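There are 4 protein chains.
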Amino acid sequence: MTLKTGEDYKRSLAKMKTVVYVRGEKVDRFYDHPCLKPAVEIVAVGYDLAHNPHHASCTTAVSHLTGEIVNRFVNVATSAEELIKREKQIRLASFTTGGCLYQCTGTDAIHAAACTTYDADAALGTDYYQRFNEWLKYIQTNDLCVNGVITDVKGDRSKRPTEQVNPDLFLRVVEKRKDGIIVRGAKVHQSGAAVMHEHLVYPCQAMRQGEEQYATLFAIPADAKGIIHIHQGTSADAMRLVGDEMDFGNIKYGASSTQMTIFDNVVVPWERVFLCGETQFTRDLVERFGRIHRCVSCSCTSGWIDDFIGVAQALAEYNGVANLPHIKDKITQMTFMSGRAFACGIAAAALGYKTPSGVYLPDRLLSNIGKLDGALSINESRQLGIDIAGGLMATAPWGKDYKHPEIGKYIEEFLQGVEGVPTEHRLRMFKLAHHLYTSSGIVETKIQGSGPSQVQKVNIYHLANLALKTKVARILCGIEAEEEMGNVLKDFSEIA
Amino acid sequence: MTLKTGEDYKRSLAKMKTVVYVRGEKVDRFYDHPCLKPAVEIVAVGYDLAHNPHHASCTTAVSHLTGEIVNRFVNVATSAEELIKREKQIRLASFTTGGCLYQCTGTDAIHAAACTTYDADAALGTDYYQRFNEWLKYIQTNDLCVNGVITDVKGDRSKRPTEQVNPDLFLRVVEKRKDGIIVRGAKVHQSGAAVMHEHLVYPCQAMRQGEEQYATLFAIPADAKGIIHIHQGTSADAMRLVGDEMDFGNIKYGASSTQMTIFDNVVVPWERVFLCGETQFTRDLVERFGRIHRCVSCSCTSGWIDDFIGVAQALAEYNGVANLPHIKDKITQMTFMSGRAFACGIAAAALGYKTPSGVYLPDRLLSNIGKLDGALSINESRQLGIDIAGGLMATAPWGKDYKHPEIGKYIEEFLQGVEGVPTEHRLRMFKLAHHLYTSSGIVETKIQGSGPSQVQKVNIYHLANLALKTKVARILCGIEAEEEMGNVLKDFSEIA
Amino acid sequence: MTLKTGEDYKRSLAKMKTVVYVRGEKVDRFYDHPCLKPAVEIVAVGYDLAHNPHHASCTTAVSHLTGEIVNRFVNVATSAEELIKREKQIRLASFTTGGCLYQCTGTDAIHAAACTTYDADAALGTDYYQRFNEWLKYIQTNDLCVNGVITDVKGDRSKRPTEQVNPDLFLRVVEKRKDGIIVRGAKVHQSGAAVMHEHLVYPCQAMRQGEEQYATLFAIPADAKGIIHIHQGTSADAMRLVGDEMDFGNIKYGASSTQMTIFDNVVVPWERVFLCGETQFTRDLVERFGRIHRCVSCSCTSGWIDDFIGVAQALAEYNGVANLPHIKDKITQMTFMSGRAFACGIAAAALGYKTPSGVYLPDRLLSNIGKLDGALSINESRQLGIDIAGGLMATAPWGKDYKHPEIGKYIEEFLQGVEGVPTEHRLRMFKLAHHLYTSSGIVETKIQGSGPSQVQKVNIYHLANLALKTKVARILCGIEAEEEMGNVLKDFSEIA
Amino acid sequence: MTLKTGEDYKRSLAKMKTVVYVRGEKVDRFYDHPCLKPAVEIVAVGYDLAHNPHHASCTTAVSHLTGEIVNRFVNVATSAEELIKREKQIRLASFTTGGCLYQCTGTDAIHAAACTTYDADAALGTDYYQRFNEWLKYIQTNDLCVNGVITDVKGDRSKRPTEQVNPDLFLRVVEKRKDGIIVRGAKVHQSGAAVMHEHLVYPCQAMRQGEEQYATLFAIPADAKGIIHIHQGTSADAMRLVGDEMDFGNIKYGASSTQMTIFDNVVVPWERVFLCGETQFTRDLVERFGRIHRCVSCSCTSGWIDDFIGVAQALAEYNGVANLPHIKDKITQMTFMSGRAFACGIAAAALGYKTPSGVYLPDRLLSNIGKLDGALSINESRQLGIDIAGGLMATAPWGKDYKHPEIGKYIEEFLQGVEGVPTEHRLRMFKLAHHLYTSSGIVETKIQGSGPSQVQKVNIYHLANLALKTKVARILCGIEAEEEMGNVLKDFSEIA
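Chains as they are written, first to last, in the working numbering: chain B, 539 to 1034; chain W, 539 to 1034; chain A, 539 to 1034; chain R, 539 to 1034.
Incorrect hints may have been included.
No copy labels: a pair is met if it fits in one copy or bridges any two.
Derived DSS-like pairs: lysine-lysine, alpha-carbon spacing no greater than 30 Å straight-line [stated by the list, open to error]:
no.	residue 1	residue 2
1	Lys555	Lys941
2	Lys947	Lys1009
3	Lys697	Lys548
4	Lys716	Lys564
5	Lys697	Lys947
6	Lys564	Lys1009
7	Lys892	Lys553
8	Lys938	Lys716
9	Lys675	Lys555
10	Lys548	Lys1009
11	Lys697	Lys995
It should be emphasised that the hints constitute simulated quantities derived from the structure, not laboratory data. The structure displayed is predicted, hence computed values, not measured ones.
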């Protein structure tokens, strides 16, 4: 087995028959479309980083299935040390691309599927775990990239799947056949879905008895029959269609890229089905996915804030204000938040535990805390960046104006900043600020991604151990005897 | 004299020879260009509101110069009552358009120019105030719209105008001739500049002795020879070029619209020159403009937050979550912030004072406080809106996908929300959320507009009356005798 | 009629038989008790300010009942102008004392009682309004101070009054007799109750049918038979008992002073009963009281923050750090918040309206917004003050150590700050910081006072006019026709 | 060697001749004084926890000097694992006492002294490290508690030590003799100093050439001749003097306890001198102390917030409001902040490194971030606690009123909360809330302790690696070639 390079990956896409629509048109060479190209480039970075000698310890790992070196994106962590390395991998990747590498949903889905199918087999005597491992070996051996496919369209959010006007508003098994299952539904906010090799498809919430048709876990190639990817329609995509390269801001890796993925009666062979109707395992499956995804999101948020800092500081320098106390104070606050988000991820990894399957899971409470913190911090950082950058990040002319034979000279003359910095550099940096601070990418990847804040809050409240905390309060103020303290606190793990 | 209608205004633009560039092209019928059309439509609203019987008391006023009814945008307030009406006018206008009506910079520039030229004449025996009033009568009589032209490009911000590598980085008088002055320079962040009739041009900061060439105040038609408008290049503009009408979100009034305005040796006749070299009046001129602009910005910010609330609440209803406590809490917080920003504007107006010229000015401290508050609140509101709206505001497909004969049916089926609300409505509302919550318009109009937050902070510290406050502290803790209290606090106005 | 002085007021207390308990003891000369003396001194300030020629326009008013000049604390505002003057009076009083003048609950209770008894009479043909006015004339003529008595002990807050284990957990009429009613219950958080002349007693929430016994409004002297005041037990009170004068911090006006007021079968003559069983008017009564109290709380919060600023700035100067950017930034933030809270009060007053009774009421939404803002801001200000003051505000030795013959010299030597400032001054200022920033006074007067934040939030949500806001959103994104805009927005008052 | 119990510790204090003044009086049996007793009790907890079989793995350690089991408070961590255990020890201790165990300054001072004297010896050939280790063995063998003595009184903070009016405003060596050095000065904010066995005395900032007399590090028993402890004078201490036990709130461990420690010509034998004039090592010494102290402060802050949660939740239950959404939301926010602060400490420990001396140091950036986060969070948590607790935490009567034969019955009747909870419990819990949420203890231990926030901010800015971040920004927007990415980011450690 060999680790793919970015180029290998690009070539592999050309062989796929993935169906992708953008702005009302079916695109043939989707990997070359201006709206999808940035996603291809950034996934390629994930492949190339595995070949970088400085980073290989973080970006690759030894497979516990094959003993071979694999890309960490398709590896299963079995220790705190491995998970901490992944945090570093992700911060590095986010920081150096200003974007999302798209594979984390897959990695996290692989982790949660591994330990949960193990549990299912242990309880039910099924062979899901083995099927899953066979599939995972195939992924590792061929170094494929995987999309974790979670979020259903959900319709009326106050209703359960079976109560919806349309039963397909949550993806479900519409038929079971000898050769496999047939599924129908649609998944939204699918980051990078169209440029992945495989989809690992989840239920999007814990299912209850009576909702068996929705309790399914399976894998399917992205170009399987019946799968349609409809690309997002955002302003940042619009800029990709009409802007000059300068206008893109983050020129190569650009806008985050999501698709709505339609599953219109897709056939999934049984060997790729890893749960089918076992509702009792969906809670763990979904919770574990969410937990790991939130744990790792700390690091990618941190990396993005690092970029926010870089742009803000560069513009402050170009504008001649980098040494003003209020600028330094804002940079400090951004650095504080980048580090704090990262710290939450590291701590969740450090204080995790190994499941019977061998899969290492991060601490659940800290993972949720970290994601919530990151979502709050990235918004505040963005605002601080805007404050530092100044109005030109929003009002600078088009790249084509700058390159225009007649009016370009005015821009050259009048958008000059401090001496020694070419106007073009300042203009490019404003464009990067425009892109990073205003494009909607942070909404789906950093804020709504891995669940809106309210989901984390519900988790945090649930894990707050209020009985213990009120008991200590009662002892301190003399309602209960102090000897009680010894009885309630036998184990540190009860504290947090 | 008659008040123009929106249609009158549009017809008047067609007669102008304003030079406008967009994305590297000179556009002939600029008022019809997709990137400028929204600005034209929204300015037209300002004209039409003056004819609305429900709102005329707020949107029109009686000119103190002519005794005629004029649009409040070109009127000078001479009392708290008038200024409070203007606050209402602006909140109304912002709220009902989701945008900026572009005339406030002009109105505020008119106010500050009126009282400051009055002061200049009183001190120097000049006739600037009379010249200015003649021009203002012309504006009122013809019901023209005016752009307050303030912000220079400024180059290296740590340097004074004369220290820059290029003396034209602050607009200046390059020559004085018999028939007028010749000016050169460039102004940025000019909201709606290209669709205004007139430019009232300011220095952008207090000028010192030796900087006389920069201390000039004058008026000039927007289509005067030598003036070039270069339109912003933003993602929201890109969407105007390639999107379906649905994709615009705020369909008619759309993206905020700014231009960079080049003054390349423009001739200004003497009767339109209202200051020329009197550096000693530039501090008041600029401070008063900023103060009024900040005072009124409270109301437009409030109106925008009202829109943020409307979209968030509509989506919460379409998603079936409007009654969840955390949603109600967020709506409450947004309403709190909308009302608070408005309150600051009203209070600044209520506690203002009349200058010797008759022009009524708002309280300086509260005006700065209000602007700072609004800038903080609009960002927090935006974030709350994003939290409520959910990921589809960032990941929904293009309008053309929805209207596509084949894949449109999938979107119709799968993006259905609560029963009874058509998918199209939900999709349109997501597009409005995408536009309102992510476009860069709030950056220049609400955050950087009327000066970045640090400018308001400097003003607030300067006005904090720390000597009085420390004296009271010393009396309370026994360092100074209590009889001192009577001596220091003779007048309420010292408190604030 | 003559306006009392502070001395007159003190003499009047000596004639009262008010029952007061402090720390388990019944105190005879309650007005001289170290824990109550500060309250007496600060109420005296309210009397003296009416004689101060600089402030009389704010601190006195012309009674609409008698045409005489009265202390504004017992006056009824009938215009925005009058209410704005009261805001100034309160900011002034708070700022110059670092405390609460205790009469606002009375003033606010007078306002709400006046307009609501007017409404009751208009609807029911009763004579409550006349009775009330007779009582008010008595108060004004004798220049008495009045406590607004609102908050019941409430027991289990999830239950209605009649559902409680003890029906007296909300104050109620236990018997109606010829000579009057007999009431029983207890009120908590009664600021300054023990040093007031009169209690004007309210129900503490809107009562429903079946809760008639709780729907009563009446006035009673503070020393009536059956009334017992039990003084708070706080750390700040403890300091009053064992500290040196230096240790008090705010030496004369000191700690805020509350009592729990027991009504143990108190007889109230009919002419002092202003509602008795008319549950349908309790909602307005309570809402109006809360609204006015919140409106005015903006100004007293602002005045307190002014004191927080004074102490912080003084200590920064004594420590030699006043010019550091981060100190100036914190002072700026505190000034911002003081001004913003005040602005909310002014705006609520400016945008109020006159009721049929002639009583002028502030805007309900803005009053609630202002109170919420003030509660948030005073906490943040306190924290900023702590940051500036430094650790010695919490760790400085006792005044008696400083005055000790042997160890006093060490303190003199080692707690010296910048040259030229005596150590004693610095020490006194630290003590004032300790008092202002840590005593629990802000909890009941500024945070929980006039209702906890959640109450204001419920009000704000209720007043948010979401139907209008969602309608505008629907028009902007093309769901409804733009002509609809004209239909929905006929009156500015609908906006806010 | 045996580990002391709490009782052993108490007995050991009785043998000391420590000089302590409280409220102007020299106290003989200082360990029994009501203001110092809580400190003695809480230090005793630290000793007893080492005997608790559930916690011994966190609260004890194996000495790297002697191989014996020692209390972790006097141990030197040599790995991430050990430091993570200490984080757990401290969170546990804070949480179960609602206070500070006072030994952390000593532990942290021991760590920094160990590695820095090692470095000094390596560079200069001195024997400080050996002297220090001898002393540390003595401490470990006798299980003594140590106060890290850092903060000088500092006088005018804008001046260096030698520029002060009094050279002793920073502690200094006033004479070097054969038998040792003589030092003079005063240290403030000395948490628990009077109840410690030993003082390990530091310079309080990095010293420069010419400031040799201030560059000294030494150990001295707390009862050495010339040392005087002057106890703080706070309101919480006042309550200890006049309150009933109920009023203390946190009955046993009560108020945090600090002293000002005077060093009036104290003789220190040479074997207890660990630096003397080597200014070049003071920067590392102080920085490392601050870093470790900040790292560990994350956990004690977390433990305190846990207590804040316990009290708030208990009161919410007693008041019948625990299930209201806004209460749950506030509890969630507090839990979020408690966990986040803890996470920062854990991450700083996990990502630390071993110094040549073998001492393990936490990550410097994350340690500073964690302390800053904790200081912000504890204040916000306190405010949330106040919001939940309600006004009675500030206005409840004295314990002696409750126990009073006549009026006690009113309190019993009227302060009843939900059925089934005795009034006394509710009252006790309000007292605990009063103590925890308003006493000044959090000011010196959690906010100003280990340096005010501005110090952490300066550290964070200094460590922000802005050159790397701006370089990445330049590459992303096309100013620099993408190949550059490989050159700049060779090591993950450069990222953070």
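Okay, the hints, checked on the actual structure:
no., hint, verdict
1, Lys555 <-> Lys941, "between (39 Å within a copy, 24 Å between copies)"
2, Lys947 <-> Lys1009, "between (73 Å within a copy, 27 Å between copies)"
3, Lys697 <-> Lys548, "neither (42 Å within a copy, 50 Å between copies)"
4, Lys716 <-> Lys564, "neither (33 Å within a copy, 66 Å between copies)"
5, Lys697 <-> Lys947, "between (60 Å within a copy, 23 Å between copies)"
6, Lys564 <-> Lys1009, "neither (62 Å within a copy, 36 Å between copies)"
7, Lys892 <-> Lys553, "neither (39 Å within a copy, 50 Å between copies)"
8, Lys938 <-> Lys716, "neither (59 Å within a copy, 39 Å between copies)"
9, Lys675 <-> Lys555, "within (23 Å within a copy, 69 Å between copies)"
10, Lys548 <-> Lys1009, "between (59 Å within a copy, 27 Å between copies)"
11, Lys697 <-> Lys995, "both (21 Å within a copy, 28 Å between copies)"
The structure fails hints 3, 4, 6, 7 and 8 (numbered hints given earlier, in ascending order).
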